Amino acid sequence: MNTNSTSDPDIIYYYDGPCTNKVIQESVDKIRGLFNEEMFDGPGRRLSSAAIEMIQNIGFYSDDKTVVDGELVGIGSFSIVNRSGTFLIETKNRITPDKFAKFDQWVKKLNSSSKEELKQLRKEFLKNGAAHGSRGANIGLLDIVRKNGSPILTGTENINGSIYLIITVKFTEE
Amino acid sequence: MDNLLIAKTKSTLGVDFRVEGGVLNIEGSSYPENTRDFFDPLIAWINKFMLEETAPLTLNCKIDYLNSSSIKFLSDIFDKLSNYSKFGVGITVNWYYKKNDEDILEMGEDLKEDTNLTFNLIEM
Numbered sequence: 001m002n003t004n005s006t007s008d009p010d011i012i013y014y015y016d017g018p019c020t021n022k023v024i025q026e027s028v029d030k031i032r033g034l035f036n037e038e039m040f041d042g043p044g045r046r047l048s049s050a051a052i053e054m055i056q057n058i059g060f061y062s063d064d065k066t067v068v069d070g071e072l073v074g075i076g077s078f079s080i081v082n083r084s085g086t087f088l089i090e091t092k093n094r095i096t097p098d099k100f101a102k103f104d105q106w107v108k109k110l111n112s113s114s115k116e117e118l119k120q121l122r123k124e125f126l127k128n129g130a131a132h133g134s135r136g137a138n139i140g141l142l143d144i145v146r147k148n149g150s151p152i153l154t155g156t157e158n159i160n161g162s163i164y165l166i167i168t169v170k171f172t173e174e
Numbered sequence: 001m002d003n004l005l006i007a008k009t010k011s012t013l014g015v016d017f018r019v020e021g022g023v024l025n026i027e028g029s030s031y032p033e034n035t036r037d038f039f040d041p042l043i044a045w046i047n048k049f050m051l052e053e054t055a056p057l058t059l060n061c062k063i064d065y066l067n068s069s070s071i072k073f074l075s076d077i078f079d080k081l082s083n084y085s086k087f088g089v090g091i092t093v094n095w096y097y098k099k100n101d102e103d104i105l106e107m108g109e110d111l112k113e114d115t116n117l118t119f120n121l122i123e124m
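Chains as they are written, first to last, in my numbering: chain A, 1 to 174; chain B, 1 to 124.
None of these hints come from the bench; they were simulated from the model. Keep in mind that a hint or two might mislead.
[Said to hold, decoys possible] When the alpha-carbon atoms are kept at most 16 Å apart in a straight line, the in silico EDC-like pairs for lysine to aspartate or glutamate are as follows:
id : chain 1 : residue 1 : chain 2 : residue 2
1  : A       : K119      : B       : E27
2  : A       : K123      : B       : E27
3  : A       : K115      : B       : D79
4  : B       : K98       : A       : E37
5  : A       : K99       : B       : D64
6  : B       : K62       : B       : D37
7  : A       : K170      : A       : E157
8  : A       : K99       : A       : D69
9  : B       : K80       : B       : E106
10 : A       : K127      : B       : D79
11 : B       : K8        : B       : E20
[Said to hold, decoys possible] These stretches of chain A come out as covered by chain B in the derived footprint (C-beta under 8 Å, 3 or more residues):
id : segment
12 : 16-26
13 : 94-107
14 : 155-165
[Said to hold, decoys possible] Here are a few chain B residues that face chain A, going by a calculated C-beta distance under 8 Å:
id : residue
15 : S11
16 : E27
17 : Y31
18 : N67
19 : S68
20 : D114
21 : L117
From a predicted model like this one, the values you see are computed outputs, not experimental measurements. From the three backbone atoms N, C-alpha and C, an ideal C-beta is built for every residue, glycine too.
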């Protein structure tokens, strides 16, 4: 685990390791500390909601896994950057090429949908949707795009023959 | 039938379901590691209540945050309550939100739109 590895002075939080609920709680506490209570209920909550979904996605879907307290947990890294009131959340985790292709297609669909289309898509998932399983309802990223109004950026990095998925989301304080 | 009481944690909701009076309170944040494990007992309790009781039911929701799978489970609970209300049982949902908290208000509006229950959005 590494919570301090940063060369960017604007990074306010960095973590690399198994993405457990404890890690999520720490990141939420960190974000909460950045805002007063009134502001937390606006932009702070949007930022922390996105952070929770994105970190939880690493924990669920990363192809690097380890066992923590008897549970299989995904490994990855994420950072929260504050550049004069514009916040960036970036996550990175290993992914197989076929999973990346599907994921990229999904993000492109979200990014190109209107607010109304996203709302309808969300309703479909809630009513019929994916998986009533314990691993998400396919609306996490959808809600990030819907509430934030800016696209999710995706990319990959090839490290020693493994593909790493990089997801970036941008927020402003307004 | 027993009451269902679950203490709130940082990542799971506080639950206070009372048989007498049919008042169900949930509050806090929900992003458990296994959402099904958390919500299954709540759904089982509601199913039992619907089978054994005929009293009106009030669900009070004071939510700080729900992750996407928790929203799905809560939406399913509302569907169950909607079906229950078709038997003439009065069901009211009170959805509380803070003045500046547009996300929680919007979440309540979305859920309200998809249900035929009496659904009150209440500013705290």
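Right, here's what the structure says about each hint:
1. A:K119 to B:E27: 25 Å, violated
2. A:K123 to B:E27: 24 Å, violated
3. A:K115 to B:D79: Distance ~24 Å between A:K115 and B:D79 Cα, so the pair is violated.
4. B:K98 to A:E37: 11 Å, holds
5. A:K99 to B:D64: Since the Cα atoms of A:K99 and B:D64 sit roughly 32 Å apart, the hinted pair is violated (cutoff 16 Å).
6. B:K62 to B:D37: Violated, at about 21 Å.
7. A:K170 to A:E157: Since the Cα atoms of A:K170 and A:E157 sit roughly 20 Å apart, the hinted pair is violated (cutoff 16 Å).
8. A:K99 to A:D69: 27 Å, violated
9. B:K80 to B:E106: 22 Å, violated
10. A:K127 to B:D79: It holds: about 9 Å lies between the C-alpha atoms, which stays within 16 Å.
11. B:K8 to B:E20: 21 Å, violated
12. 16-26: Holds, because 4 residues of the segment 16-26 of chain A bring their Cβ atoms closer than 8 Å to Cβ atoms of chain B.
13. 94-107: violated (count 0)
14. 155-165: This one is violated; 0 residues, fewer than the three required, reach chain B with a Cβ under 8 Å.
15. S11: Holds, about 5 Å.
16. E27: Since chain A brings no Cβ nearer than about 15 Å to B:E27, farther than 8 Å, the hint is violated.
17. Y31: Since the shortest Cβ distance to chain A is 5 Å, the answer is holds.
18. N67: Since the shortest Cβ distance to chain A is 6 Å, the answer is holds.
19. S68: 4 Å, holds
20. D114: 7 Å, holds
21. L117: 15 Å, violated
Checked against the numbered hints above, the structure violates hints 1, 2, 3, 5, 6, 7, 8, 9, 11, 13, 14, 16 and 21; every other hint is satisfied.
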